[in-house]
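Chemist: Between the sequences and the hints, there should be enough to build the whole structure, so can you do that?
Residue numbers in the sequence shown follow the working numbering, run continuously in steps of one, and reach 426 at the last position.
These are computed hints drawn from the structure, not numbers from a lab. Any given hint could turn out to be false.
[Said to hold, decoys possible] Calculated pairs, DSS-like style, for lysine-lysine (alpha carbon to alpha carbon, straight line, at most 27 Å):
(1) Lys-285 to Lys-321
(2) Lys-321 to Lys-290
(3) Lys-302 to Lys-290
(4) Lys-285 to Lys-306
(5) Lys-290 to Lys-306
(6) Lys-306 to Lys-321
(7) Lys-302 to Lys-285
[To be verified] Computed Cβ-Cβ distance ranges for the label pairs, DEER-style:
(8) Lys-397 to Glu-338: 33 to 39 Å
(9) Asp-281 to Lys-302: 28 to 34 Å
(10) Glu-331 to Leu-292: 29 to 35 Å
(11) Asp-340 to Lys-397: 38 to 44 Å
All residues carry an ideal CB built from backbone N, CA and C; glycine is no exception.
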Amino acid sequence: MDITEKSAYLKGLYEGFGIDASKPEGKLISELVNLVSEMAEKINNLEVECHELRDYCEELDQDLGDIEEFLYDDEEYEEYEEDDEDDELEGTEYYEVTCPSCGEVVCFDESVDPEHIKCPACGQYFDCTCDPENCDNCDRDCKKDEE
Numbered sequence: 280m281d282i283t284e285k286s287a288y289l290k291g292l293y294e295g296f297g298i299d300a301s302k303p304e305g306k307l308i309s310e311l312v313n314l315v316s317e318m319a320e321k322i323n324n325l326e327v328e329c330h331e332l333r334d335y336c337e338e339l340d341q342d343l344g345d346i347e348e349f350l351y352d353d354e355e356y357e358e359y360e361e362d363d364e365d366d367e368l369e370g371t372e373y374y375e376v377t378c379p380s381c382g383e384v385v386c387f388d389e390s391v392d393p394e395h396i397k398c399p400a401c402g403q404y405f406d407c408t409c410d411p412e413n414c415d416n417c418d419r420d421c422k423k424d425e426e
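Modeler: See below:
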């Protein structure tokens, strides 16, 4: 028995008892039965809408899957992903430096100018090149780096 049928059953019980709706108790029970009927109808409509939306979402998901299949042949797509990963890693050397302002570790490759690095955390620009002539101004221990 669904909620609409239960609501109708309650309404039938109310009418079968012959409760006088002119008295306060009867009026209260009558209004409650009507409220339950309205709520049951709205809940039933929401359930129907929910099922329709679920079906529509499943159709959209299937359509999207068909489009992906059409656009990306599985084997070609996997090869494309593997090639991208190989190209990105092959021949690229990455460097890590610590930002002197905030202490964040910054990673970059050779395409970035080491004299003008911008920290993504604090936004400050800094130079990570070592000038042997100005080693007194540098807080880096070059002797440790050479070893």
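Chemist: Decide, hint by hint, whether the structure agrees.
Modeler: A quick look at each hint next to the structure:
A threshold of 27 Å between alpha carbons decides the hint, and for Lys-285 with Lys-321 the separation of about 14 Å falls inside it, so the pair holds. Proposed proximity of Lys-321 and Lys-290 is supported: the alpha carbons are some 16 Å apart, at most 27 Å. With a CA separation close to 18 Å, the supplied pair Lys-302 and Lys-290 stays within the 27 Å bound. Distance restraint check for Lys-285 and Lys-306: the Cα-Cα separation of roughly 20 Å lies within the 27 Å cut-off, and the hinted pair is therefore satisfied.
In summary, the hint linking Lys-290 to Lys-306 is supported, as the alpha carbons are separated by about 13 Å, within the 27 Å threshold. Note on Lys-306 and Lys-321: the hinted pairing holds, with a Cα-Cα distance of about 23 Å set against a maximum of 27 Å. With a C-alpha separation of about 25 Å, the suggested pair Lys-302 and Lys-285 falls inside the 27 Å cut-off, and the hint holds. Hint check: Lys-397 to Glu-338, Cβ distance near 47 Å, so the stated range 33 to 39 Å is violated.
The supplied range of 28 to 34 Å is met by Asp-281 and Lys-302, whose beta-carbon atoms lie about 32 Å from each other. Taking 29 to 35 Å as the suggested C-beta distance range, the pair Glu-331 and Leu-292 conforms, at roughly 33 Å. For Asp-340 paired with Lys-397, a C-beta distance near 42 Å keeps the hint of 38 to 44 Å intact.
Consistency note: the structure conflicts with earlier hint 8 alone.
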